[in-house]
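Position 113, counted from 1, in the sequence shown is what the UniProt record's numbering calls 113; the numbers after and before it change by one each time, with no gaps.
Where hints are given, some of them may not hold.
To be verified - Dumping the calculated DSS-like pairs for lysine-lysine here, alpha-carbon to alpha-carbon at most 30 Å:
| hint | residue 1 | residue 2 |
| --- | --- | --- |
| 1 | K165 | K53 |
| 2 | K17 | K179 |
| 3 | K179 | K202 |
| 4 | K70 | K17 |
| 5 | K202 | K53 |
| 6 | K70 | K207 |
| 7 | K117 | K165 |
| 8 | K179 | K207 |
| 9 | K17 | K53 |
| 10 | K202 | K165 |
| 11 | K76 | K117 |
| 12 | K202 | K17 |
| 13 | K165 | K179 |
| 14 | K179 | K70 |
| 15 | K165 | K70 |
| 16 | K165 | K207 |
| 17 | K17 | K76 |
| 18 | K53 | K207 |
Derived by calculation from the structure, the hints in this document are not laboratory data.
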Amino acid sequence: MLNAWRRALLDLIYPPKCPACRAGVTEHGAWCQPCLAAVAGARLINVAEHRLKYLDACYAACDYAAGVQKIIRRLKFQRAERYARHLAWLVARSGAGEYSRGSQAVVPVPLDAARQKERGFNQTELIFREWAANQGLVWLDVLVRCRPTAPQWRLTVSERRQNIKGAFYVTRPELVAGKTLLLVDDIFTTGVTMEECARVLKAAGAKRVAGLAVASGAV
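Between the sequences and the hints, there should be enough to build the whole structure, so can you do that?
Here is the structure:
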């Protein structure tokens, strides 16, 4: 009762708004219908077309369109952590829960230590950790970047593969051995980063690795 009263008071003081256009919405984290329609596009990604042999499947909650692109950039580069809930809202309503059935644990794609220290957080964890708990999935923070890498968006596909090769390792192989894992990240474009993560997870004994991204700007 008290929590409901607090939520009502907060809604009165800070009414929920769409993150893209600031129109009023019915709940915190939500998007208005026009902005939601502009980014709608939840879908399975064809991993064979992307020549990915370690990543068994991949699903994106929405398109990497203007509204989502703006929110992800604000979250990552302006350290606007409040936008994570809006991206989590998209994931929760995308059918990702159904897609994740059969997975035993969620593994986030990590940042390198220097970038995470500068940013203060891993945006993937902010977006997905509560969602994973709501799905009853164990959160396994077992992937680490062992060296800095250049930002992938600046590179060609072949350069991306070289840039990310050997950049990850698994800290607790015994936790992933024999498991069906769901690898999560904010954006899927070429799939090169997820592919390298899936490779090292399978080398550590994972049975299956599927991917889940907030948005896909697949090329």
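Going through the hints against the structure:
1. K165 to K53: Since the Cα atoms of K165 and K53 sit roughly 15 Å apart, the hinted pair holds (cutoff 30 Å).
2. K17 to K179: Violated. K17 to K179 sits at ~39 Å, over the 30 Å cutoff.
3. K179 to K202: Distance ~9 Å between K179 and K202 Cα, so the pair holds.
4. K70 to K17: At roughly 15 Å apart (the allowed maximum being 30 Å), K17 and K70 satisfy the hint.
5. K202 to K53: 11 Å, holds
6. K70 to K207: Violated. K70 to K207 sits at ~36 Å, over the 30 Å cutoff.
7. K117 to K165: Between K117 and K165 the Cα gap is close to 22 Å, so the pair holds against 30 Å.
8. K179 to K207: 5 Å, holds
9. K17 to K53: Violated, because 41 Å separates the two Cα atoms, which is more than 30 Å.
10. K202 to K165: 15 Å, holds
11. K76 to K117: 12 Å, holds
12. K202 to K17: Distance ~42 Å between K202 and K17 Cα, so the pair is violated.
13. K165 to K179: 23 Å, holds
14. K179 to K70: Not OK: K179 and K70 at ~35 Å, beyond 30 Å, violated.
15. K165 to K70: 29 Å, holds
16. K165 to K207: 21 Å, holds
17. K17 to K76: Roughly 20 Å between the alpha carbons, so the hint for K17 and K76 holds.
18. K53 to K207: This hinted pair holds, its Cα atoms lying about 14 Å apart.
Violated hints, in rising order: 2, 6, 9, 12 and 14; the structure is consistent with all others.
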